[in-house]
Amino acid sequence: MYVKKNFTLRGVLAFSWFHIVWISAWSLIGPSLFYFIDPEWLDIPWLPISIVATAVAFYIGFKNNSSYDRLWEARKIWGAIINSSRMWGAVVRSYVSDQFDPTATETTLKMHSQDFAVQAYRIIICVEKSVTNPYRMGAREPKQTCKKIGREADEGSWSRPL
Amino acid sequence: MKEVGVGLYNDDQLESKLEKYLEENEMKRIIEYKNSATQLIDQQSQDLRALRKTNKIDDFRHMELQKVLNDFYVHQGKAERIKKFPFPRQYGGTSSILVAIFIFLVPFGFASEFSKLGPNGVWLSVPFSILVSWIYIIRELVGDYSENPFEGLGNDIPMLSLCRTIEIDSLEMLGDENIPPAIQAKNGGIL
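Respectively, the protein sequence lines represent chains A and B. Heads up, the first sequence is in the numbering used here, so the first residue is 1 and it goes up one at a time. Heads up, the second sequence is in the numbering used here, so the first residue is 1 and it goes up one at a time.
Calculated directly from the structure, the hints in this document are not laboratory data. Treat the hints loosely; a few may be bogus.
Calculated lysine-lysine pairs in the DSSO-like style (CA-CA distance at most 27 Å, straight line) [what the hints assert, rightly or not]: (1) LYS186(B) / LYS76(A); (2) LYS28(B) / LYS84(B); (3) LYS67(B) / LYS83(B); (4) LYS67(B) / LYS76(A); (5) LYS186(B) / LYS5(A); (6) LYS53(B) / LYS78(B); (7) LYS53(B) / LYS67(B); (8) LYS76(A) / LYS53(B); (9) LYS186(B) / LYS83(B); (10) LYS78(B) / LYS34(B); (11) LYS84(B) / LYS53(B); (12) LYS116(B) / LYS34(B); (13) LYS83(B) / LYS53(B); (14) LYS76(A) / LYS28(B); (15) LYS4(A) / LYS67(B); (16) LYS76(A) / LYS78(B); (17) LYS78(B) / LYS67(B); (18) LYS76(A) / LYS83(B); (19) LYS83(B) / LYS28(B); (20) LYS5(A) / LYS76(A).
Cβ-to-Cβ under 8 Å is the rule here; a few derived chain B residues that face chain A [unchecked claim]: (21) GLN90; (22) SER115; (23) LEU117; (24) SER133; (25) ILE138; (26) SER146; (27) LEU162; (28) GLU177.
Chain A stretches covered by chain B per the calculated footprint, using a threshold of three residues with CB under 8 Å from any CB of chain B [what the hints assert, rightly or not]: (29) 23 to 29; (30) 39 to 47; (31) 64 to 76; (32) 83 to 93.
Quick caveat, the model's predicted, so the values are computed rather than measured. From the three backbone atoms N, C-alpha and C, an ideal C-beta is built for every residue, glycine too.
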């Protein structure tokens, strides 16, 4: 995403200088023919070209509108992902408790606070992986406490002392 | 485009950083899957089941938690359909051809118009031809670059910075002390 208010002239030229080169070369051919050879049959009227120009302009206008739709839909999806992940964090934090466990003790209370930590950390990964792009991970030192918490859900690790 | 934005080429933000939040065995297993994100959310569901089994949540909360995970599947599916289904090529490709035809015609039309100004008048058509052709080329290019929003280019969705926002929010909720800095713009681009 480009964040400055305007593109600079330099930026636009850096983006399109290659095209300007070949357009310039091509634009010299028509006038050269007129100047040096001047064949009468080449004296084409402007009207058909301007009709082509209008058709092309309409076509590109509509096409670019559809392209923009794709970009905007993508942005909306990512907005929704942010909302959902905040929801997930809040919900996991408030819903996981010992309220329904008749055998709850001080020790298990401490344990489940780490349970929800694991849950909440994990969703970060889900989100970051979700658009199948390997370049998207944040760079930081491994989170030691989180790494230490083993993860064997199938074996019922939630009741394992940590 | 290579020097625009933090994180894509020079800053080495790669998949190896997965280990930050995943245990080593699990990370190796998750990377093996064709679609790691799908499998990770599935594992989250299994974790919820384990929580239910040990009475950390009741049925109602279990359903609510699972609903949020299902939402993530929905978002993932929506993103994947954009990533995997290209902008229909019959639209994208035709416009380049039409622009090429137009640019082919422009210098001849302009030269014949400007030749009415006198024998040297044709040369005045050159800058105008360049200008008009360039405008059409730029329009075509701008549309082309908006077609695929998940390619990591300068004008794409800034996924790295959005992910970092999520990471920061989640870590703050957990009361973590090592909050990573937000992604800043570099040379006018955020990725």
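So, going through the hints one by one against the coordinates:
no.: 1; hint: LYS186(B) / LYS76(A); result: holds, 23 Å
no.: 2; hint: LYS28(B) / LYS84(B); result: holds, 25 Å
no.: 3; hint: LYS67(B) / LYS83(B); result: holds, 24 Å
no.: 4; hint: LYS67(B) / LYS76(A); result: holds, 20 Å
no.: 5; hint: LYS186(B) / LYS5(A); result: holds, 14 Å
no.: 6; hint: LYS53(B) / LYS78(B); result: violated, 32 Å
no.: 7; hint: LYS53(B) / LYS67(B); result: holds, 18 Å
no.: 8; hint: LYS76(A) / LYS53(B); result: violated, 36 Å
no.: 9; hint: LYS186(B) / LYS83(B); result: holds, 25 Å
no.: 10; hint: LYS78(B) / LYS34(B); result: holds, 18 Å
no.: 11; hint: LYS84(B) / LYS53(B); result: violated, 38 Å
no.: 12; hint: LYS116(B) / LYS34(B); result: violated, 66 Å
no.: 13; hint: LYS83(B) / LYS53(B); result: violated, 38 Å
no.: 14; hint: LYS76(A) / LYS28(B); result: violated, 32 Å
no.: 15; hint: LYS4(A) / LYS67(B); result: violated, 39 Å
no.: 16; hint: LYS76(A) / LYS78(B); result: holds, 10 Å
no.: 17; hint: LYS78(B) / LYS67(B); result: holds, 17 Å
no.: 18; hint: LYS76(A) / LYS83(B); result: holds, 14 Å
no.: 19; hint: LYS83(B) / LYS28(B); result: holds, 25 Å
no.: 20; hint: LYS5(A) / LYS76(A); result: holds, 22 Å
no.: 21; hint: GLN90; result: violated, 11 Å
no.: 22; hint: SER115; result: holds, 5 Å
no.: 23; hint: LEU117; result: violated, 11 Å
no.: 24; hint: SER133; result: holds, 5 Å
no.: 25; hint: ILE138; result: holds, 6 Å
no.: 26; hint: SER146; result: holds, 4 Å
no.: 27; hint: LEU162; result: holds, 5 Å
no.: 28; hint: GLU177; result: violated, 11 Å
no.: 29; hint: 23 to 29; result: holds (count 6)
no.: 30; hint: 39 to 47; result: holds (count 5)
no.: 31; hint: 64 to 76; result: holds (count 9)
no.: 32; hint: 83 to 93; result: holds (count 10)
The structure fails to meet hints 6, 8, 11, 12, 13, 14, 15, 21, 23 and 28 from the earlier list, while all remaining hints are met.
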